[in-house]
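K.L.:
With the sequences and hints as input, model every part of the structure.
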Amino acid sequence: MTQATRSEAQQRADEIRVFRREADRLQRAGVLELSAAQAAAVAEYHRALLAGYAQRFDIDQDVKAGQLSLGMRVASLLGALALAASVLFLFYQFWGGLPTAVQVGLLVCAALGSFIATLWLQGRDHSGYFTKLAALLAFVCFVLNVVMLGQIFNITPSDQALLAWAAYALLLAYSCDLRLLLAAGILCVIAYISARTGTWSGMYWLSFGERPENFLPAALLLFIVPSLLHRRRFAEFLPIYRVFGLLTALLPVLVLSHWGGASYLDLDNSVIEGGYQLFGFALSASAIWLGARRGWPEVINTGITFFVIFLYTKLYDWCWEIMPKYLFFLVVGLLAVLILLILKRLRTASLSSGGAR
Amino acid sequence: MIAWSRRRTLIAGALLIIAVNVFALAGVAYNRSGEPTSILHLSERELQLPYGRVSSKENSGVSLSLVWRVRRGNDADGADYGAYGGAADWLDQAKLAALGFDVGSDTARRKFKPWRSKEVLLVLEFDGPAYRQALARAQQSADDEEKLQLANPGNQEFERRAKRARDNAKREASDSSRLFVVDAGLDAAALRAQYPDPTHTLIVRGQVRPQRATRDRQDSLRGHIAALSIAPINVPLQFQPALKPPAAAAKTGSFSATVAFGRRLEPWLVALAETARRK
Chain A
1 MTQATRSEAQ QRADEIRVFR READRLQRAG VLELSAAQAA AVAEYHRALL AGYAQRFDID
61 QDVKAGQLSL GMRVASLLGA LALAASVLFL FYQFWGGLPT AVQVGLLVCA ALGSFIATLW
121 LQGRDHSGYF TKLAALLAFV CFVLNVVMLG QIFNITPSDQ ALLAWAAYAL LLAYSCDLRL
181 LLAAGILCVI AYISARTGTW SGMYWLSFGE RPENFLPAAL LLFIVPSLLH RRRFAEFLPI
241 YRVFGLLTAL LPVLVLSHWG GASYLDLDNS VIEGGYQLFG FALSASAIWL GARRGWPEVI
301 NTGITFFVIF LYTKLYDWCW EIMPKYLFFL VVGLLAVLIL LILKRLRTAS LSSGGAR
Chain B
358 MIAWSRRRTL IAGALLIIAV NVFALAGVAY NRSGEPTSIL HLSERELQLP YGRVSSKENS
418 GVSLSLVWRV RRGNDADGAD YGAYGGAADW LDQAKLAALG FDVGSDTARR KFKPWRSKEV
478 LLVLEFDGPA YRQALARAQQ SADDEEKLQL ANPGNQEFER RAKRARDNAK REASDSSRLF
538 VVDAGLDAAA LRAQYPDPTH TLIVRGQVRP QRATRDRQDS LRGHIAALSI APINVPLQFQ
598 PALKPPAAAA KTGSFSATVA FGRRLEPWLV ALAETARRK
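Protein sequences appear in the order of chains A and B. The numbers in the numbering used here rise by one with no breaks, and the one at position 227 of the first sequence is 227. The numbers in the numbering used here rise by one with no breaks, and the one at position 112 of the second sequence is 469.
Since the hints were made in silico from the structure, they are not lab data. You can trust all of the hints, since none of them are fake.
Listed next, the in silico DMTMM-like pairs over lysine to aspartate or glutamate satisfying Cα-Cα at most 25 angstroms (straight line):
| no. | chain 1 | residue 1 | chain 2 | residue 2 |
| --- | --- | --- | --- | --- |
| 1 | B | Lys452 | A | Glu210 |
| 2 | B | Lys452 | A | Asp266 |
| 3 | A | Lys344 | A | Glu298 |
| 4 | A | Lys64 | A | Glu236 |
| 5 | A | Lys64 | A | Glu22 |
Just so we're clear, the structure is a prediction, and the values are computed from it rather than from any experiment.
P.N.:
Listed below in structure tokens is the structure:
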């Protein structure tokens with residue numbers, strides 16, 4: 001793992017910790033007997049590995065450090081958001097009193113300066129918290145740069161800005177190993193592809209949200225393309241792509257299953273809504289199946305969440321008015337038990353196939 | 358994935374930032390190169406601070422929004438302001454079809470399937486026949502209400518109506534915007550050939566959406582002009598003194614502005630001067 005990222009190093013450190021605990025238990029139970037030389041060799045190998053990780057990535061070496069680190073992650077996220085807001089308001093507060101050339105110069109310098117500062121900080125901040133803060137600030141400076149150029153020179157709003165923001169956010173995410181920036185980049189990609197899809201169908205680009213089907217090509221691309229590009233490096237980014245891909249498909253389907261008028265399809269609204277309800281069930285069930293088969297917990301959880309939402313909204317449509325409330329909630333409860341049983345069966349099947357392998 | 362060194366990341370990021378800025382500024386330079394496609398001499402009647410921006414303490418920037426109206430048919434009442442868009446009688450089914458809307462597949466279920474906005478080119482006429490028609494209509498309405506009031510002395514309802522019509526005519530003559538959307542199309546050159554005067558007509562992008570209108574129990578399709586696609590016009594620092602204090606000037610009206618529109622149909626402020634304040 002010569003090219004390990006911080007999250008990969010942290011994962012390996014956690015696995016070593018678990019391994020040590022289990023090896024200790026096995027030794028005490030008399031199941032495993034390591035010679036003094038073997039035990040020393042393993043301990044020395046792990047010590048050197050962890051020391052290397054600690055030096056390069058400032059990973060959490062025990063549970064207490066992990067708990068503190070969670071607090072630091074929250075603090076760095078909140079700090080990053082607050083600093084980003086501060087930069088926005090600072091510029092808005094004073095930009096009107098500056099000549100145009102100074103405005104443009106400031107915007108470009110802020111974008112370039114914050115980007116260089118992020119990379120400089122990345123080389124010194126092994127924990128990654130300050131890098132995350134600086135990277136989000138750099139992204140906001142670039143967004144501000146583009147938005148303000150538009151305002152200063154009265155440029156007609158264009159979806160091409162989304163493409164530039166996406167490229168920049170993804171560059172920061174991959175170079176600094178930051179999921180927050182990855183999420184920002186993915187959102188820009190979703191907006192850009194959906195806007196393009198809407199434009200190709202003749203809509204004004206900013207109205208792309210009015211046709212939920214515009215999001216479906218983006219969902220498909222997000223779900224498939226990253227899996228083909230990422231092999232071992234940045235494997236921890238793949239679940240984020242998959243969750244965004246699923247959300248980008250399932251949310252529009254949920255909307256269309258209740259609002260057929262928003263569809264491109266030239267059919268009766270009731271037909272469209274019924275079709276999308278079926279599609280929603282099929283899609284979320286397929287996600288559960290695929291997640292169970294490939295060992296993608298995030299896909300299983302997203303699939304289950306939407307399957308339950310589709311089921312309950314349908315149940316509400318059919319039964320809320322005609323059933324006594326105690327019976328309605330009884331049916332809801334029984335359905336939850338049924339889902340639990342199906343998932344238990346899936347889990348058992350998955351365990352037995354894993355054992356067989 | 359390729360493992361990028363920090364140096365490569367630095368080069369890629371810096372190039373991206375510079376390229377985006379160069380691209381945007383080159384677009385601005387292109388827009389402003391050559392002769393403007395339109396150059397209008399407007400006043401506070403057509404340019405106002407955007408709603409909610411008058412007393413903003415958090416944003417020191419100053420910008421002006423175009424106040425536009427929609428030319429209505431001869432039998433229509435009044436004229437729409439652009440803040441919330443406006444429906445135009447001249448933007449009928451045939452015109453909508455020419456703009457690329459699929460209005461032929463209109464069926465009963467279409468009532469429940471609204472059309473979406475489409476970006477087209479809009480022709481705005483400044484201080485032309487559309488404005489004179491609106492002015493004449495307001496004056497005619499004031500005269501008619503005056504006659505009704507005289508025919509019904511002591512009737513408070515007619516007095517109120519006459520006063521409202523007089524105020525409306527006065528506002529139309531001195532306060533209301535003289536900028537009217539009068540036509541729409543897809544080809545800028547064809548529209549310019551049809552409306553050749555760049556000092557009184559303006560071609561900009563805007564959003565149109567068909568909507569159903571019912572008059573005398575007759576259903577028909579009309580185009581609703583939802584918005585212009587141009588951003589509020591930024592007021593550079595050197596022009597801001599003409600608007601000081603911004604709130605007062607924008608409310609009472611006391612400036613004249615020359616606004617040019619370039620090759621990309623994007624505007625910029627060429628001149629802004631304070632004029633004698635009206636009472």
